[in-house]
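**Student:** One-letter residues, chain by chain:
Number of protein chains: 2
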Amino acid sequence: SPLFSCSSCSMPTTLLGSYLHLRPRCLAYALFLSFHLSQGTRDYNPKQMAIREKVFNTIISCFKRHGAENIDTPVFELKETLTGKYGEDSKLIYDLKDQGGELLSLRYDLTVPFARYLAMNKVTNIKRYHIAKVYRRDNPAMTRGRYREFYQCDFDIAGQYDPMIPDAECLKIVHEILSELELGDFRIKVNDRRILDGMFAVCGVPDDKFRTICSTVDKLDKMSWEDVRSEMVKEKGLSEEAADQIGQYVSLQGGMDLAERLLQDAKMSQSKQACAGLTDMKQLFSYLQLFQVTDKVVFDLSLARGLDYYTGVIYEAILTQTGPEGVSVGSVAGGGRYDGLVGMFDPKGRKVPCVGVSIGIERVFSIMEQKAEASAEKVRTTETQVMVASAQKNLLEERLRLTAELWNAGIKAEVMYKKNPKLLSQLQHCEDSGIPLVAIIGEQELKDGVVKLRTVHSREEIDVSRAELVEEIKRRTSDV
Amino acid sequence: SPLFSCSSCSMPTTLLGSYLHLRPRCLAYALFLSFHLSQGTRDYNPKQMAIREKVFNTIISCFKRHGAENIDTPVFELKETLTGKYGEDSKLIYDLKDQGGELLSLRYDLTVPFARYLAMNKVTNIKRYHIAKVYRRDNPAMTRGRYREFYQCDFDIAGQYDPMIPDAECLKIVHEILSELELGDFRIKVNDRRILDGMFAVCGVPDDKFRTICSTVDKLDKMSWEDVRSEMVKEKGLSEEAADQIGQYVSLQGGMDLAERLLQDAKMSQSKQACAGLTDMKQLFSYLQLFQVTDKVVFDLSLARGLDYYTGVIYEAILTQTGPEGVSVGSVAGGGRYDGLVGMFDPKGRKVPCVGVSIGIERVFSIMEQKAEASAEKVRTTETQVMVASAQKNLLEERLRLTAELWNAGIKAEVMYKKNPKLLSQLQHCEDSGIPLVAIIGEQELKDGVVKLRTVHSREEIDVSRAELVEEIKRRTSDV
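Protein sequences appear in the order of chains A and B.
Sequential numbering from 1 applies to the first sequence in our numbering.
Sequential numbering from 481 applies to the second sequence in our numbering.
Isolated chain A (complex conformation):
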């Protein structure tokens, strides 16, 4: 039977059956499986975790700086909770098997669970962040950072407030995080669902086609205008005239000036919805000026965003560097206003206005990993301050006793799990994992009540009395 190479581990596999629908079965089935992860998922090794921890710390610090609280929700929800919230993307939801009980689905994003949480707990205002994995049965493209299991870092503001103030804070947060992560230059595109809907109306799109035409416009970041126009006309049955009018608007980009210009636009100004959106857009830009972030923000009429639940301002951040000919890495953050979603979960339909942003950090991880790979600086995967070692035999018990003393004093310490390890292998471990100090004991040191403290990089050694050891280690590693 023909040989294939497995896409995830490059192990040769053969086509023996159709039990695994998406992937050929291996010659040795058990062996194949034991070496595989589910498609579109990944492990994080210690080095990747160290990078991930750093990225999370940056993001969480920003969320806390803005006074956000933290919540968590289960990884699965009742299937009905997710039904009818995602439009055409609903087909990507993972369902759990019916094993006799409730019908459950893995969460698709953190926004719908948040809305369910607000309604269920009758919360009418909160500023919260939520960092967790979400699940989509999408075609994985792991080299480009697209997975079936991936993290979202969400920040949302729920509550009845004066227009555009929380919305502006969300954009400020995106600006802060992308600046601090040092990922290169970026742009934040902004638009408003009301402007899009108004535009569709004045261009002659029938009411019942708004959502589907919106989905097509959303593809403009991946498809040419010609292809988008063709999908509108041929697949979705829009008139050529309407499509061309849309084409004129979606090519527009600008700032507060563009919002002002469109408010004067003969056609656009006929739509009340569009005018409301444009007035708010002007207000938004005035707050963004106060926040000093207008350098990166562009009002872009081609931005649509696929999800059904947005009702007002929408935005998306892209990295503009990397890739040849200015091809962008893609979206790294997105969000918008969804004033109707909480009401869908409330028995009396009580609305809680919400606006939020989601940082999609898998791409950020990819970039940070590449940077770490290229850098000469080694990524440490532990924080160990000192290795307790010995050059002589039969000192295991003394090493363990000293190590426990250090642990009990709050020192991060390691000891080799061998009765008589070689000094060289103990020192080599320090070199490999970046441990800065070694506490060496021998018969003489034990007799004298001292420890030989060695600095790994300089190889310098001094005797430190046992009583002063903890303080000396703290002093020497306080800047680590």
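Hints are computed from structural coordinates only; laboratory data are not their basis.
Treat the hints with caution; some may be incorrect.
To be verified - Just so you have them, the derived chain A footprint on chain B, three or more residues with Cβ under 8 Å:
{"#": "1", "stretch": "573-587"}
{"#": "2", "stretch": "699-712"}
{"#": "3", "stretch": "893-904"}
Said to hold, decoys possible - Computed list of lysine to any residue pairs in SDA-like fashion (alpha-carbon distance at most 20 Å, straight line):
{"#": "4", "chain 1": "B", "residue 1": "K899", "chain 2": "B", "residue 2": "E885"}
{"#": "5", "chain 1": "A", "residue 1": "K91", "chain 2": "B", "residue 2": "G581"}
{"#": "6", "chain 1": "B", "residue 1": "K544", "chain 2": "A", "residue 2": "K296"}
Ideal Cβ placement from N, Cα and C applies to all residues, glycine included.
We have chain A; now place chain B onto it with these hints.
**Tutor:** This is chain B only, laid out in the frame that chain A set:
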């Protein structure tokens, strides 16, 4: 139709159909669903998250103190990865629906994914921790901290080392964590699968009944000896004589002395396996003495642990306080040695000896929450240092400008999203959420280039120049 009260939200519900097998349907189905979480799962609100963060910090600090690296694995694995690893508990695994692709299951613990990770990446030695949610289709008992989705905090040492050194470190870690969390007194029971198997052999249990009899012995913490004996004899077909001999051994508890005594025991000493286990147990206790943790550790022959994969030492920590008449809250940590598991995933069956411990922290959360509830001290859910406020109208823009200045300087600051909020409501928010400082601006302050800095608890106010504000806030909140 009859009315029931929903167990999770106490909303009245009616029995309308059997679509939901486990729970009566509500009168208004959509309404019912919108107010419900999947059975056995929970949300964490901001207060619970603040407690959770504190508990995690204690645990992670301990793991890092012991030089552990961090890894992460996907929430679902190929179904085959989990098959045949959990014995009788396999029925509790959650499967995903077959939506055309691979057959997937939610992880049941972090140990099997760890073993799969080691084999797949050919890692032969590592000390790692992994904190993540696992899933079990068990009967939830949420008031006692038993959920279908819950966190495990795992620490494991993989590698070929001298006997009992890593095993002793795992017990030292349990001791440190349970002491630092201040949950009251605790005991760590220790046993060894080889001692159990040797005991079964010398008591006349047939080889093929070892695992199933072991499962029954494991119930001794929940069932009386009479019931356990009856299950052995009536359900599992063991002879009464064998059962009674087991009964004599499993009542034994002690320390190194008990291991020594059993090594001399006429029957026990006939089993090579038991002798190997008992010799290691003596060695373990000698290391535990060096680590100064023998005060809490008991060698207990009734400890069996249900999972199939253990091969050597096993342990379980229980809280001894709370509950009347010495009834224990139950297990809060458990683990042991599993030297064969990694080999099950390796094409050549290469073994990687492993030992580890899993802290089950849902019960810990429950206890910490109750403690927080009972305490007079308020749990803060944000870290906000200062609220930017105004007593006068039309100063929104000035408030936003100052807030952005503070954010850019790394100060955690909040501002109300209203054009003209009342000073009282701004101060009230500080009282409610524990914000220690208020930066108040008015026309006069703006003219003078100052900010009125108010300390919330003392109500004291001083003017601080705009240039010195950041330093002053840092100085005043450095101990927060």
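**Student:** Hints first: check each against the structure and report whether it holds.
**Tutor:** Checked hints:
no.	hint	result
1	573-587	holds (count 11)
2	699-712	violated (count 0)
3	893-904	holds (count 5)
4	B:K899 to B:E885	holds (19 Å)
5	A:K91 to B:G581	holds (14 Å)
6	B:K544 to A:K296	violated (39 Å)
The earlier numbered hints that this structure contradicts are 2, 6.
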